[in-house]
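Using the sequences and the accompanying hints, generate a full structural model.
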Amino acid sequence: MFHLSNIVRSKGDPKLVEGGPSLKRPQDQLARALGWFSIGLGIMEFVAPRRVTETLGMEGHEMMVRAFGVREILAGVMSLSVDKNAGLWARVGGDGLDAAALLSGLTSDNPKKGNIALALLVVGGIAMLDYRVAQDTKPGRPPRNARRKLYPSRSGFRKGLQAAKDRAKEMTQHAAAGVTS
Amino acid sequence: MKALVWHGKEDIRCDTVTDPEIQDPRDAIIRVTSCAICGSDLHLFHNFIPGMMPGDIMGHETMGEVVEVGTGVDGKLRKGDRIVVPFTIICGECDQCKRGNFSVCETTNRKKHLADKVFGHSTAGLFGYTHLTGGYPGGQAEYLRVPFADATHIKVPAGIPDEQLLFLSDIFPTGWQAAVQCDIVPTDTVAIWGCGPVGQMAIRSAILLGANQVVAIDCLPDRLSMAEAAGATTINFENESVLERLKELTDGKGPEKCIDCVGMESHVMASWPDTLLDRAKQMMMLESDRPHVLREMIYVCRPGGIISVPGVYSGFSDKLPMGAFMNKGLTMRTGQTHVNRWTDDLLRRIEQGEIDPSFVITHTVPLEQGPEMYQVFRDKRDSCVKVVLKP
Ligand SMILES: NC(=O)c1ccc[n+]([C@@H]2O[C@H](COP(=O)([O-])OP(=O)(O)OC[C@H]3O[C@@H](n4cnc5c(N)ncnc54)[C@H](O)[C@@H]3O)[C@@H](O)[C@H]2O)c1
Ligand SMILES: [Zn+2]
Ligand SMILES: [Zn+2]
Numbered sequence: 537m538f539h540l541s542n543i544v545r546s547k548g549d550p551k552l553v554e555g556g557p558s559l560k561r562p563q564d565q566l567a568r569a570l571g572w573f574s575i576g577l578g579i580m581e582f583v584a585p586r587r588v589t590e591t592l593g594m595e596g597h598e599m600m601v602r603a604f605g606v607r608e609i610l611a612g613v614m615s616l617s618v619d620k621n622a623g624l625w626a627r628v629g630g631d632g633l634d635a636a637a638l639l640s641g642l643t644s645d646n647p648k649k650g651n652i653a654l655a656l657l658v659v660g661g662i663a664m665l666d667y668r669v670a671q672d673t674k675p676g677r678p679p680r681n682a683r684r685k686l687y688p689s690r691s692g693f694r695k696g697l698q699a700a701k702d703r704a705k706e707m708t709q710h711a712a713a714g715v716t717s
Numbered sequence: 003m004k005a006l007v008w009h010g011k012e013d014i015r016c017d018t019v020t021d022p023e024i025q026d027p028r029d030a031i032i033r034v035t036s037c038a039i040c041g042s043d044l045h046l047f048h049n050f051i052p053g054m055m056p057g058d059i060m061g062h063e064t065m066g067e068v069v070e071v072g073t074g075v076d077g078k079l080r081k082g083d084r085i086v087v088p089f090t091i092i093c094g095e096c097d098q099c100k101r102g103n104f105s106v107c108e109t110t111n112r113k114k115h116l117a118d119k120v121f122g123h124s125t126a127g128l129f130g131y132t133h134l135t136g137g138y139p140g141g142q143a144e145y146l147r148v149p150f151a152d153a154t155h156i157k158v159p160a161g162i163p164d165e166q167l168l169f170l171s172d173i174f175p176t177g178w179q180a181a182v183q184c185d186i187v188p189t190d191t192v193a194i195w196g197c198g199p200v201g202q203m204a205i206r207s208a209i210l211l212g213a214n215q216v217v218a219i220d221c222l223p224d225r226l227s228m229a230e231a232a233g234a235t236t237i238n239f240e241n242e243s244v245l246e247r248l249k250e251l252t253d254g255k256g257p258e259k260c261i262d263c264v265g266m267e268s269h270v271m272a273s274w275p276d277t278l279l280d281r282a283k284q285m286m287m288l289e290s291d292r293p294h295v296l297r298e299m300i301y302v303c304r305p306g307g308i309i310s311v312p313g314v315y316s317g318f319s320d321k322l323p324m325g326a327f328m329n330k331g332l333t334m335r336t337g338q339t340h341v342n343r344w345t346d347d348l349l350r351r352i353e354q355g356e357i358d359p360s361f362v363i364t365h366t367v368p369l370e371q372g373p374e375m376y377q378v379f380r381d382k383r384d385s386c387v388k389v390v391l392k393p
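These protein sequence lines are chains A and B, in that order. The numbering of the first sequence is the numbering used here, which starts it at 537 and goes up by one. The numbering of the second sequence is the numbering used here, which starts it at 3 and goes up by one.
Please keep in mind that the hints were generated in silico from the structure rather than gathered at the bench. Since the model is a prediction, treat every value here as computed from it, not as a measurement. Just to be clear, a hint being listed does not mean it is correct.
[To be verified] Just a sample of chain A residues kept apart from chain B, beta carbon distances all over 12 Å, derived: (1) Glu590; (2) Glu595; (3) Thr643; (4) Asp645; (5) Leu654; (6) Tyr667.
[What the hints assert, rightly or not] Result set (EDC-like, lysine to aspartate or glutamate): computed pairs, CA atoms no more than 16 Å apart in a straight line: (7) A/Lys695 <-> B/Glu356; (8) A/Lys551 <-> B/Glu144; (9) A/Lys551 <-> B/Asp21; (10) A/Lys674 <-> A/Asp564; (11) A/Lys695 <-> B/Asp358; (12) B/Lys4 <-> B/Asp21; (13) A/Lys547 <-> B/Glu23; (14) A/Lys560 <-> B/Asp13; (15) B/Lys392 <-> B/Glu67; (16) B/Lys11 <-> A/Asp619; (17) B/Lys113 <-> A/Asp549; (18) B/Lys11 <-> A/Asp564; (19) A/Lys701 <-> B/Glu230; (20) A/Lys674 <-> B/Glu12.
Where a beta carbon is used, it is the ideal one built from N, C-alpha and C, also for glycine.
Quick look at the structure:
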């Protein structure tokens, strides 16, 4: 079978024959997808805020859109890192801010309010997904108050702690007297 | 054969790969009888150390039986010999090897040009540890090719179980070197950050080298209890202030010797703002390490003291208090371990029953369960301290 990773193997090193299962779960893949989506959207908001405000009939709010873009990028980077869970919760919070900003533009005199309603729908859907994935990617570290085994008898000194200390003392005295081992 | 293979961040799988072959007359092949997962493997698992490629075989704590030797091994190893494999590959002949500076062997890194560019000089080849150190396939596998096998081995006698000998490959000499580097005298207080496997070995080593008081710092009750078992006084940094307690324990003067057995992935806590900032910068790739422990050690170490750093750092660390470091006249010693410099002595101590390093093992599982065990060890689940894998 052909495996891409074999191309970079040095000659004679073991090559992949058959891949084993990966422990990546669907929610891990989703977190990754949401991370990249966040970064893409963030860049768009940052470089073309005017396009966004025009579509929503919210001209004049370009700076806010830019700031939201930066927020999206940061949350995206976090979602791609080993702290993906924190990134996803940041996204959930961000979805709330997005919704609030959109609602503020949903005035009766806004000619583009149809677009805003549509955007709200999309944000709502994505927020549900973010929330779901954040729930499903909780870090595996046990909580602080979890019960843990204790190892009070594992000193490693087969003749006991005192014997180890005595031996050390003996060695340092020998060393001081210039005797070796 | 089966081997644990790196496929990307947090993605290690038990794959089937081709068996290793003799590539050079100085090679040997061993059948692995035991191998272990190391804290350094976690840095790779998180992709925090650059230079891993999909398809790389993990593992650098390995022992087994020699099944094949090249023509150049020169009688130094024979089929059937039982050996522990040091994680640093050494030639035994270059200037550095002659001085015992094995982890900076000048010969064994087969991708020297990379390391020369990144670190200014190339260091020794390492098993299962990024292409900056040679990209050599590692030993979490059924078989391992040992390059420069005439020098890169520790022969061990029959009659002592694997579990007592395996850690001669890395963590036992690593904890030992960390303590030796402190030039311990009988009045010293030695403070040790991190009670993982390396910290546990450093604690025992500091006791065997005659420290007056050993203080161990971590937040995990299971690991702290294991530290106490060896006579250490413990500080749980989630419940108490490390700086205040260390002062208290040393009549306000601070420990003479400090050892960092944590490295680049310090715990992140809201009450340590520097760790939050480091973590954020790490994500943005503006900083590679989280050097909270280094900062704390420099701050609390008694003037004129020694800071020993076995914990691994990979690239750039920000906001190190060089002013305090310089004005307090501190000395810092560090490095990947010169394994073979210490192993004769340590093997003798094991044989004489002075110490049994197997105390640290909490989990022994078949190699196939390796990928799960990376997660268990990383998350410190099930009171895990050290995992041994049996191919
Ligand atoms: N120099 C060498 O040759 C060498 C060899 C082996 C391992 N290492 C390095 O040693 C380090 C430790 O390895 P390990 O196998 O014990 O890993 P580990 O991850 O099991 O242990 C690290 C411990 O440090 C604790 N910790 C985290 N942040 C802390 C903080 N701020 N203060 C105090 N404790 C803190 C953790 O709770 C954990 O118990 C790693 O960086 C590893 O790469 C170096
Ligand atoms: Zn290691
Ligand atoms: Zn050498």
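For each hint, the structure was consulted:
1. No beta-carbon of chain B comes within 12 Å of the beta-carbon of glutamate 590 of chain A; the shortest separation is about 31 Å.
2. At roughly 32 Å, the least C-beta separation between glutamate 595 of chain A and chain B is larger than 12 Å, which holds for a residue marked as non-interface.
3. Consistency note on threonine 643 of chain A: stated as away from chain B, and its beta-carbon is indeed over 12 Å from all of that chain's, at 37 Å minimum.
4. The Cβ of aspartate 645 of chain A lies farther than 12 Å from every Cβ of chain B, with a closest approach of about 41 Å, so its non-interface assignment holds.
5. In this structure leucine 654 of chain A is separated from chain B by more than 12 Å, as the shortest Cβ-Cβ distance comes to about 32 Å.
6. For tyrosine 667 of chain A, the requirement that its beta carbon stay farther than 12 Å from each beta carbon of chain B is met, with the minimum near 22 Å.
7. A C-alpha spacing of about 7 Å is found between lysine 695 of chain A and glutamate 356 of chain B, which places the hinted pair at or below 16 Å, so the restraint holds.
8. Between the alpha carbons of lysine 551 of chain A and glutamate 144 of chain B the distance comes to roughly 14 Å, so the proposed pair stays at or under 16 Å and holds.
9. Among the hinted pairs, lysine 551 of chain A with aspartate 21 of chain B is consistent with the structure: their alpha-carbon atoms are about 8 Å apart, no more than 16 Å.
10. For the given pair, lysine 674 of chain A sits about 11 Å from aspartate 564 of chain A by alpha-carbon distance, which is consistent with the 16 Å threshold.
11. In summary, the hint linking lysine 695 of chain A to aspartate 358 of chain B is supported, as the alpha carbons are separated by about 10 Å, within the 16 Å threshold.
12. Of the supplied pair hints, the one linking lysine 4 of chain B and aspartate 21 of chain B holds, its CA atoms being roughly 9 Å apart against a limit of 16 Å.
13. This hinted pair checks out: lysine 547 of chain A and glutamate 23 of chain B have alpha carbons roughly 10 Å apart, not beyond 16 Å.
14. For a cut-off of 16 Å, the pair hint linking lysine 560 of chain A to aspartate 13 of chain B stands: about 7 Å separates their Cα positions.
15. For the hint pairing lysine 392 of chain B with glutamate 67 of chain B, the CA-to-CA distance comes to about 13 Å; that is within 16 Å, so the pair holds.
16. Only pairs whose Cα atoms come within 16 Å are accepted, and lysine 11 of chain B paired with aspartate 619 of chain A is accepted, the gap being roughly 12 Å.
17. For a cut-off of 16 Å, the pair hint linking lysine 113 of chain B to aspartate 549 of chain A stands: about 14 Å separates their Cα positions.
18. Simply put, lysine 11 of chain B and aspartate 564 of chain A have alpha-carbon atoms about 11 Å apart, close enough for the 16 Å limit, and the pair holds.
19. Distance check on the hinted pair: lysine 701 of chain A and glutamate 230 of chain B sit about 15 Å apart at the alpha-carbon level, within 16 Å; holds.
20. Under the criterion of a C-alpha separation no larger than 16 Å, the hint pairing lysine 674 of chain A with glutamate 12 of chain B is consistent with the structure, at around 15 Å.
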